[in-house]
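Taking the hints into account, I'd like the entire structure generated from these sequences.
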Amino acid sequence: MDKDSAIKSLLEEAAETRWEIGQEFHDKLSESIYQNAAHIADRTVIKEGQKENFNIDRTIDSIVTSPIWGFPIMFCVLAVVLWLTIIGSNYPSQFLAFLLLDNAYEWLRAFAIDLGTPWWLSGFLIDGVFLSLAWVISVMLPPMAIFFPLFTILEDLGYLPRIAFNLDALFRKSGAHGKQALTMSMGFGCNAAGVIATRIIDSPRERLIAIITNNFSLCNGRWPTQILLGTIFIGQMVPDSYQSLVSTASVIGVALLGIGLTFASSWALSKTFLKGEVSSFTLELPPYRKPRILQTIYTSLIDRTLIVLWRACVFAAPAGAVIWLVCNITIGDTSIANHLIYLMDNFGLLIGLNGVILLAYVLAIPANEIVIPTILMLTVMTAPITGYGSGDGVMFELDSLGNTHEVLVAGGWTLLTAINVMLFSLIHNPCSTTIYTIYKETNSVRWTTLASIGPVILGFIVCFVVAQIYYML
Amino acid sequence: MGIKNWLNTLLLKRVDQSIIEEDVLKYLYKNEEKNKTSNFQSINNELVFSEEQIDKSIQQLIKNQSIVNSNQSLLLEEKGRTAAIKLIRRHRIYEKYLSEKTGFSKSSWHHKAEEMEHALTDEEVNLMSKELGNPQFDPHGDPIPTKDGQLPKLKGISLSKIEHNCTVKVLHIEDEPKRVYKSIIKQGLHIGSIMTINFTSSVYATEGHALNFNKKDLENITVQVLKEEEEIPKGIVRLSLLKKGEKAVITGLSSECRGINRRRLLDLGFVKGSKISINMVSPLSDPTAYLIRETLIALRKEQTDMILIKKINNDAE
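Heads up: the protein sequence lines correspond to chains A and B, in order. Okay, so the first sequence: first residue is 1 according to our numbering, each after it adds one. Okay, so the second sequence: first residue is 1 according to our numbering, each after it adds one.
By construction, these hints were calculated from the structure, which means they are not laboratory data. Incorrect hints may have been included.
Claimed, not checked - List time: in silico SDA-like cross-link candidates among lysine to any residue, alpha-carbon distance up to 25 Å:
no.: 1; chain 1: B; residue 1: 101; chain 2: A; residue 2: 172
no.: 2; chain 1: B; residue 1: 301; chain 2: A; residue 2: 40
no.: 3; chain 1: A; residue 1: 271; chain 2: B; residue 2: 185
no.: 4; chain 1: A; residue 1: 28; chain 2: B; residue 2: 235
no.: 5; chain 1: B; residue 1: 272; chain 2: A; residue 2: 40
no.: 6; chain 1: B; residue 1: 311; chain 2: B; residue 2: 231
no.: 7; chain 1: A; residue 1: 275; chain 2: B; residue 2: 86
no.: 8; chain 1: A; residue 1: 271; chain 2: B; residue 2: 305
no.: 9; chain 1: B; residue 1: 272; chain 2: A; residue 2: 275
no.: 10; chain 1: B; residue 1: 86; chain 2: B; residue 2: 38
Now the structure itself:
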């Protein structure tokens, strides 16, 4: 009791003093702290070689933020990073696929047959869970293991804040922070990592904007879909000599549309849902440093790559099981998958997609990487075509583009379907890993729901409009 | 009037009677402050509610002895005055809260507070006030009534009454009507800033900026004339006026710089006495990176309007 009353009287005294010292208190406090610190530093800190370092930094700054060189340097850096990621990850990806999909998978199946495991158990575990895990790891791990260290090295170097500095005026117009340029670029690697990266934005409103709009950065899991469809459908429309040019342009066009949507939705969010969130701006431009390469690779692997991969696996394993189950459990004469496809087909066709695609997007919420394998598997299961795939509920991909085209056309695909899948691949809900990460970062069901449902609705609208225009032409 | 009445019947039918009563009390209190008399007609002209609703509220207020009707004019009783002051306290504390803890724009504070003043309880407001450090003024410069109902009078005189050359301090900018308020804040006038008035060149200037006021604007700005013998700070301009190659010392932050923004700037060393100069400008011309206390910090244009500096001679290191 004595203690309580002592605390109470102390609190009262504090409140009274606060009233007496007035509003300027914080300013005076910071002022005197800085004065003290400066005084102590003047007496004790010996400065050596700082002048030279300082001058080198200023020279670099004047180049990387110059009106002439600033932007070209930026785009070159981004292009090199993306090129290294996409091209460089092909080889380890193929190696992992060879290891996990071609060998380990076959070996496991043979092993299961030797053991005499019932077909449903080996189907569930090997065709479902294992295959989906193997797919996600072989497609996801290599690009992330290349992209994230490269990004972290740029960060360590001190160059990234200069990008934010160069681009801030563009983001400011849509109510966002210049640092969103970085989280957006990070999203090209992986949206979940992009969402985590928004921690660098210290203003609450701008951080939420960056989190909710990160999904519009075309991530690593979606690039292959875009490239595949761009090549076999869009490229086909023009004479051979222009094919690669047109298909590349279509993929880049989708990525640019994503950037445009990022700006547009940032602007809309800052004017509506996020109007009342606190907003502030500061951007520190740290001195340049020699990057610590080994340490960077180690920490970026641990902090970013493995965390994201782990989360993806946690979601992909049950997804694989579900995919296998819906294809193999039957109600009446047909599988659950067939029922669902039939149910969604009309709506799908209305927006220029089809039931298979919609079901694939529902089943593949855990990872965008498995959308195309799932679509192919479901198409072969439902369309009048034989000779492809290896059974219901077993995802596959085809080595030949011609064969892929044949399977999809047999599934009723037209140019419109391809265009709309490319659009819907850009504008749909984030993968479950990203949704979970958004929840972890915002700690709010409200913002997580907005970030998840908003893009799907927008995607439906865009596809619907495109389909109607296509039908009119 | 037609649309107004139609809207009233459509939207305000369900308005709580107590809200109308509170608005009537607030109107009477404000008129009393201006030494104007109030009657049914003046209330009906001012408030958006229907005639019946207003009439019903007035009858109710007379019945519970909050107001009296004497000689065709309505007067506040002690009970009504206390209720009005409490309402004003809720309004101003909430405005202060909006300015410090949320990101809503300046021009929307008043409107939001108009709604919340009826919804908040006194306990909530006291808690809010404690959380905000028991503020004495709302963000427009109006004094906030204390917990026990003391409402200090706003000092100073209207800018429109000043007709000689002098230096003044801006105390208060009236937030009603919204159109006039918007035109004033568009000029970039800050509360707490020092303004010089020079009639020979007919120029109002503050912190290195010239201001062009309308006649209506002048009436809604309250200032305090600074006397000769008082120490009038000279040569203070906004950081946005610093040019490349110039050096300056920070003299403080404008009182319009609030909440998290103010604390961030203070934390980064934007305090009185820090030396500052421009290091580089973004290729898109905003933001600008400043060298302060041996670190490089980029700020946007609107922030540099909130930081006050005094330029110093280039030779003096």
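Results for each hint:
1. 101/B <-> 172/A: Answer holds: residue 101/B to residue 172/A is near 21 Å, not above 25 Å.
2. 301/B <-> 40/A: violated, 33 Å
3. 271/A <-> 185/B: holds, 20 Å
4. 28/A <-> 235/B: holds, 22 Å
5. 272/B <-> 40/A: Answer holds: residue 272/B to residue 40/A is near 18 Å, not above 25 Å.
6. 311/B <-> 231/B: Given that 25 Å is the threshold and the Cα spacing comes to 19 Å, the pair holds.
7. 275/A <-> 86/B: The hint is violated at about 29 Å.
8. 271/A <-> 305/B: It holds: about 23 Å lies between the C-alpha atoms, which stays within 25 Å.
9. 272/B <-> 275/A: Violated. Residue 272/B to residue 275/A sits at ~32 Å, over the 25 Å cutoff.
10. 86/B <-> 38/B: holds, 20 Å
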